[in-house]
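Trainee: These are the residues of each chain, in order.
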Amino acid sequence: MTDTPALPAYNFAYLDEQTKRMIRRAILKAIAIPGYQVPFASREMPMPYGWGTGGVQVTASILGPDDVLKVIDQGADDTTNAVSIRAFFAKVANVATTTKTTEATIIQTRHRIPETPLQAGQIIVYQVPIPEPLRFLEPRETETRVMHGLEEYGLVQVKLYEDIAQHGHIATTYAYPVKVENRYVMDPSPIPKFDNPKMNGSPALQLFGAGREKRIYALPPFTDVVSLDFEDHPFTVQRFSQHCALCDASGVYLDEVVTDDRGGRMFVCSDTDHCETRRTEGHHGSGLPQDGKTASWEAAE
Amino acid sequence: MYVAVKGGEAAIDNAHRLLADRRRGDRNVPALTLEQIAGQLSLAVDRVMAEGSLYDPELAAMAVRQARGDLIEAIFLLRAYRTTLPRFGNALPLNTSVMRIERRVSATFKDIPGGQLLGPTFDYTHRLIDPAMAGDEAVDDSLRRPRDLDEPCPRVTDLLDAQGLIEADVASDAEPADLTREATEYPVGRDLRLQALARGDEGFLLALGYSTQRGYGRTHPFVGEIRIGLVDVELDVPELGFAVTIGSVRITECQMVSQFTGTGATLPRFTRGYGLVFGQSERKAMAMSLVDRALRADEFDEQRLAPAQDEEFVLEHCDNVQATGFVEHLKLPHYVDFQAELDLLRTLRTEASAKQDKGDDALSEAAE
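Chains as they are written, first to last, in the numbering used here: chain S, 1 to 301; chain Z, 1 to 368.
Here chain Z stands alone, though its shape is the one from the complex:
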């Protein structure tokens, strides 16, 4: 028994060996390749990149494989690698208005310049398990609509902004906050909030966003626009004096148009909730935009009553790597503290039963 609670190097080594064995599974089945994971489980890879805060499909695929498909574990692997990377500059703000769009929908207008584009969506699939998924049937090539490169595709919020119907996008050249490089001090700016939400757990944000729809911090949201596609990442190179494109990333952007504001001096206008996520993840981008809007309560003199409006609550608990660590650390040995509690509990019980005995005697009641 004494040995069982003491670990030792051999036990750890053997556990890791067993883990590797289980990870590989049946040796008669070919091992997963990174191309298979990145190519066929791409939404899992996207989630790992988004919450891992690192855009690298191949590394994310490696992490998914190493984590046996446990995405939070894979996110953790990517984060632990990311933290060792040097920072050599901030990219220019992504210009999503010139995104190479794969999907774009607006719920606020029937038609918009550039059109609605369904793209690769589950939305109108019937959720019937497809027998074809058991095999490897040939799949038709997708159809591509040639699109004029000059065809404008303005953001819906820009269209509203042009008429003054929505709060303006405030441009800023300020250095964005970075919660991975500075300790967070509350209250924080919206830049840091958005960073935290972009890294935040999809499930947690989904539940919080959902709660705002059910009355816990209601914001009357409309999906102004969701767009998914590739955008160029540009970096200012001081030696050159101009920005150069260093690559492109696939992102999902959600602009939520919410309840209007404005009293007295300012005319009433819609407000914004914003979501931006690496890869294709509408669920995450939409939930993020709902929570972003809810967290802006103070800006619009809204009473902060609901969890989704509570900055400290949301930001301190949205990180799944932190959350899983602290929840799971309960399985580490705690027997020193438990011994202290046992000791106190025994003392309290001894005292309480002594008191009870006295009371029983006084009442001359039946025993027990």
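The shape of chain S in the complex, shown without the other chains:
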């Protein structure tokens, strides 16, 4: 019990066991039908809608005392919302937390998939704002559910075609729709399309929670996940010509950091754990002082 008698003591991982049971049933159904959006009775959480209430509910329902939790936002462990969610679970579930992708049993993420390949036994929980990949083509849930039921996905292909006709490229760069096991078209959450290939055949279990929209969906390990495209316009991912200024990594997703008001730019790894690991391994980017000391950019203020 807490000191204030008017306020209740919270259960392990905040949610009561009945709620967790309801969410676990939704998760099991989602795993049984990969890519299908399972409605669930989303609860009001003590953080705002849009901050990851769906992901938090999924994590709360699967979290056990022995789990090791990693939380990232934009690929980084130290962004404010990642810090806040990690602190929440450290408080209400007293679980171990980590920033190391390899050490985590559960990774909750917003907008990225870690660069380090996930392993069997790991679970990645995505925070999803709009779970419906057809939503911006058809705003009505009553219609989109029928479209999924009838596997009527022509509209998505038309949208991609119109992009090509208008811009010469498919103009969807994140939340790029995928087809799961050749059946359901699924929103991968707003990860950059760069991360889409990591979903395909991943040995980890992938769970998606949308709190405000009250939907859970899932990709069991080793699921076929194909990004939609055309034969003559095959799916491609972003390629950065630069290397990470800190760890010299290439072939990873980079954040562009504006360093001054005269057009100065620096590109650094979006995945902070990947970047730090590489630096401890001795990799050295062009943006770091050449004497190898820890750079001053890390110091606060």
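Just so you know, not all the hints are guaranteed correct.
[Said to hold, decoys possible] Simulated crosslink set (DMTMM-like; lysine to aspartate or glutamate; CA at most 25 Å straight-line):
1) S/Lys91 with Z/Glu9
2) S/Lys91 with Z/Glu185
3) S/Lys91 with Z/Asp13
4) Z/Lys331 with S/Asp78
5) S/Lys29 with Z/Glu351
6) Z/Lys355 with S/Asp163
7) S/Lys159 with Z/Glu341
8) S/Lys100 with S/Glu276
9) S/Lys20 with Z/Asp70
10) S/Lys20 with Z/Glu175
11) Z/Lys355 with S/Asp232
12) S/Lys29 with Z/Glu341
13) Z/Lys331 with S/Glu256
14) S/Lys100 with S/Glu281
15) S/Lys91 with S/Asp66
16) S/Lys159 with Z/Asp337
17) Z/Lys331 with Z/Asp70
18) Z/Lys331 with S/Asp261
19) S/Lys91 with S/Asp78
20) Z/Lys331 with S/Asp67
21) S/Lys20 with Z/Asp178
22) Z/Lys355 with S/Asp66
23) S/Lys20 with S/Asp67
24) S/Lys20 with Z/Glu182
25) S/Lys159 with Z/Asp343
26) S/Lys100 with S/Glu256
27) Z/Lys358 with S/Asp163
28) S/Lys100 with Z/Asp13
29) S/Lys179 with Z/Asp21
30) S/Lys100 with Z/Asp337
31) S/Lys159 with Z/Glu351
32) S/Lys29 with Z/Glu185
33) S/Lys179 with Z/Glu341
34) S/Lys100 with Z/Asp178
No wet-lab data here; the hints were simulated from the structure. The structure presented is a predicted model; accordingly, all values stated were derived computationally and were not measured.
Fit chain Z to the known structure of chain S by using the hints.
Mentor: Okay, now just chain Z, sitting in the frame of chain S:
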């Protein structure tokens, strides 16, 4: 620059500390008490209870104080607490015909059994800022009219119903839907719609109700009756075999009498729009009853053309805790996705300017 976009625990802690400081304000001024908020800002507290879906004036007052007077934030605080509460049963339907009435007006009849009772209303105040509000002048006690407890005060809609002039109230013992416990699947029943509207944002419902008056889903409404007062909450206790009163709540009920219907088999009669809100909030109850009636379009074979008639549109967007969350989440970092857009935009611009250059050369036009 790199540090600025990375948060960290210290930044969050310091922000919370500053927030607490600003919330308290000048330390030489006494802090607000919950009695002051609940007693003197009672309509703000009522709104928080109504849209927070939890009747508890003291907690609502705490929430208002904690939220620095931001009512949507206070509603959110109450909701997040409510969601942790166990449910131990459904109350019996409130019987508003035996309400202990503080205010009751009908726009459809000049006089009605039980009379019209203005109660504590702003309606006929002149909106002149009162200099007395700058100080703490003595306020006269209110006058109380002794009222015979047996004096009947039937609902106006019951009077119309007795003559068959309005669609009947359909009693039901079915378990009411609860959108906080089940995922919503459209189309939904009127019970769930009314629940959503009762929790819905006052401003959003006000605008939608207003739109029906301006022709977007017109329903020709009359205020059959608005009543505000205390009603008992009764709970069936199976062990006892009868219902016991567990408390009373102040509510505002609005019965809107709308455009008639009826063809062929049924005689023409008025239809109903219903609003029920915790606390005293006529604006919300009236707007709710307008929107409830507009949303019943299918029942009366009315064409659904206006936003207020569109169930999915209204219900998916009336919740201000959801709305504020999703609108405000845009301030969270999005730089990964923005980077993806930047990348594409640069590619498109490079391609477009290459094309332009070619065209310029062909026309031998002046540069730029």
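Trainee: Which of the numbered hints above does this structure break?
Mentor: 2, 5, 9, 12, 20, 22, 29 and 34
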